[in-house]
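Asker: Each chain, letter by letter, is given below.
There are 2 protein chains.
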Amino acid sequence: MKVLLVYAHPEPRSLNGSLKNVVVSHLESAGHQVQVSDLYAMQWKTTLDAFDNTDRQAEAPFHPSLDSQRAFTQGTQSPDIAREQDKLRWADTVILQFPLWWFTMPAILKGWIDRVYAYGFAYGVGEHSATHWGDRYGEGSMQGKRAMLLVTTGGWESHYGPRGINGPIDDLLFPIQHGVLYYPGFEVMPPFVVYHTSRMDDARYAQTCDALKQRLDMLWRDEPIRFRQQNAGDYAIPALTLKPDIQPDRSGFGIHIDRA
Amino acid sequence: MKVLLVYAHPEPRSLNGSLKNVVVSHLESAGHQVQVSDLYAMQWKTTLDAFDNTDRQAEAPFHPSLDSQRAFTQGTQSPDIAREQDKLRWADTVILQFPLWWFTMPAILKGWIDRVYAYGFAYGVGEHSATHWGDRYGEGSMQGKRAMLLVTTGGWESHYGPRGINGPIDDLLFPIQHGVLYYPGFEVMPPFVVYHTSRMDDARYAQTCDALKQRLDMLWRDEPIRFRQQNAGDYAIPALTLKPDIQPDRSGFGIHIDRA
Numbered sequence: 001m002k003v004l005l006v007y008a009h010p011e012p013r014s015l016n017g018s019l020k021n022v023v024v025s026h027l028e029s030a031g032h033q034v035q036v037s038d039l040y041a042m043q044w045k046t047t048l049d050a051f052d053n054t055d056r057q058a059e060a061p062f063h064p065s066l067d068s069q070r071a072f073t074q075g076t077q078s079p080d081i082a083r084e085q086d087k088l089r090w091a092d093t094v095i096l097q098f099p100l101w102w103f104t105m106p107a108i109l110k111g112w113i114d115r116v117y118a119y120g121f122a123y124g125v126g127e128h129s130a131t132h133w134g135d136r137y138g139e140g141s142m143q144g145k146r147a148m149l150l151v152t153t154g155g156w157e158s159h160y161g162p163r164g165i166n167g168p169i170d171d172l173l174f175p176i177q178h179g180v181l182y183y184p185g186f187e188v189m190p191p192f193v194v195y196h197t198s199r200m201d202d203a204r205y206a207q208t209c210d211a212l213k214q215r216l217d218m219l220w221r222d223e224p225i226r227f228r229q230q231n232a233g234d235y236a237i238p239a240l241t242l243k244p245d246i247q248p249d250r251s252g253f254g255i256h257i258d259r260a
Numbered sequence: 001m002k003v004l005l006v007y008a009h010p011e012p013r014s015l016n017g018s019l020k021n022v023v024v025s026h027l028e029s030a031g032h033q034v035q036v037s038d039l040y041a042m043q044w045k046t047t048l049d050a051f052d053n054t055d056r057q058a059e060a061p062f063h064p065s066l067d068s069q070r071a072f073t074q075g076t077q078s079p080d081i082a083r084e085q086d087k088l089r090w091a092d093t094v095i096l097q098f099p100l101w102w103f104t105m106p107a108i109l110k111g112w113i114d115r116v117y118a119y120g121f122a123y124g125v126g127e128h129s130a131t132h133w134g135d136r137y138g139e140g141s142m143q144g145k146r147a148m149l150l151v152t153t154g155g156w157e158s159h160y161g162p163r164g165i166n167g168p169i170d171d172l173l174f175p176i177q178h179g180v181l182y183y184p185g186f187e188v189m190p191p192f193v194v195y196h197t198s199r200m201d202d203a204r205y206a207q208t209c210d211a212l213k214q215r216l217d218m219l220w221r222d223e224p225i226r227f228r229q230q231n232a233g234d235y236a237i238p239a240l241t242l243k244p245d246i247q248p249d250r251s252g253f254g255i256h257i258d259r260a
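Taken in order, these protein sequences are the chains called A and B. Note that full-length UniProt numbering has the first sequence beginning at 1, numbered continuously upward. Note that full-length UniProt numbering has the second sequence beginning at 1, numbered continuously upward.
If you are wondering where the hints come from, they were derived from the structure by calculation, not from laboratory data. Watch out, some of these pointers could steer you wrong.
Note that identical chains are pooled: a pair holds if it fits in a single copy or bridges any two copies.
Derived lysine to aspartate or glutamate pairs resembling DMTMM-like cross-links, with alpha carbons at most 25 Å apart [claimed, not checked]: (1) Lys-243 / Glu-157; (2) Lys-45 / Asp-80; (3) Lys-213 / Asp-92; (4) Lys-2 / Asp-258.
Model the full structure from these sequences, guided by the hints.
Answerer: What follows is the structure in structure tokens.
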């Protein structure tokens, strides 16, 4: 595998820092190639703005998506953005690793998505017609690649369970797994989540590492989450609603997974 | 009202910029006080890191929540953080305004949450006992205040409907409305969402502004979303799962709203 690990924790001497090292050493010792985008160490520019186009028009209003398209098309993206896109092209497998802060990713990682996911690269790709609404949700630039989230939480597993007060972890991660990863075409593996990080003793840490290594070994053998492809017949176009005969009378994130 | 508008769009000459001006002028002309945190104009520091404590221990590992607690308690937070907290204390009403980027807020606003929501301020507040698991989800520092999201999307309303491919907008916003706003005690008003922003002609813009002004006028008269209080008896403590007799056999975000 060629693995890109996008890592978003500010402290190397943390649980996340240790798990990151475990991922890298385990994959490399199994003969895989690994690149790490350590966003804090890289001092990643978090905020999407007009300066992301090196050829920006100073007088014209800045339009986030159209300026992104122009910069991508004419090759005038900020070099830090282009470098990350090259890593994504190189990788066949992408892992996003982060602590869950306020029920989603830290700002620095969101800023990686906001900036690297350019118009023409991660969205705005493909034709729009009566049967095909762009290459997205199962098609797109990342088609053929796999991705997985590696997430830590302070809260307990029950707090993120089906009836937990924080909401089910699968629903909290849906906007990332479906909206950020599946959208440009990644196959998405079930997440690896470490709960209740304040209670991590040596035994539990060893167990966690073993389980993580197993998941890494199975990344291309396990089944991905069966999100429904947008353009394969399940959705009305252009309303992009699930057709009435599929999961009739149901709604919510869960209907976009084919559990048949 | 004393309204804090936290605004996260990079271009003043945008739909979001116009709507921001409408909010401010409408509220002020009705006699309300308004402060705007225009995050792009302020060049808000987006990334939470060790420098957020002006008295950081250079040798010790940086611990995001414990260092936040220390800085908050001893009054050594970065001044930009303390200023935003003062605005939150001053306000009785908070509006977060942003374009939906990748199904959640832009990084700069996430970084406002990550940094301003200090340990001891927005979380880690109150006692933990067998009947009370901290002042959160309906209690906390923001109790007695109201909040509302003002969101724009490029996608169509049907794409965000109950069976839309992006997921229902209420579910996409749940981690923000419940996890970011209700968590420290805000009463949360239904969001004001403007869809399909590329198709905004003069007539639709006028309609949108009228509807927005009505919502602003009703901010303290409309009913907030009836999220369930954590410590009022609906949840088992410390598992923090909804008790079995409430919405039995159901799961997901929706069960945390009392529709009785």
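Asker: With reference to the structure, classify each hint as holding or not holding.
Answerer: Tested hints:
For the identical chains of this complex, Lys-243 and Glu-157 are inter-copy neighbours only, at 16 Å across copies versus 34 Å inside a copy, given an alpha-carbon limit of 25 Å. For a Cα distance limit of 25 Å, the shortest separation of Lys-45 from Asp-80 qualifies both inside one copy, at 8 Å, and across copies, at 19 Å. Taking the shortest alpha-carbon separations for Lys-213 and Asp-92, only the intra-copy value of 18 Å comes in at or below 25 Å, while the best inter-copy value is 49 Å. Taking identical chains as interchangeable, the C-alpha atoms of Lys-2 and Asp-258 are never at most 25 Å apart, the minima being 28 Å within one chain and 48 Å between chains.
Of the numbered hints stated above, the single one contradicted by the structure is hint 4.
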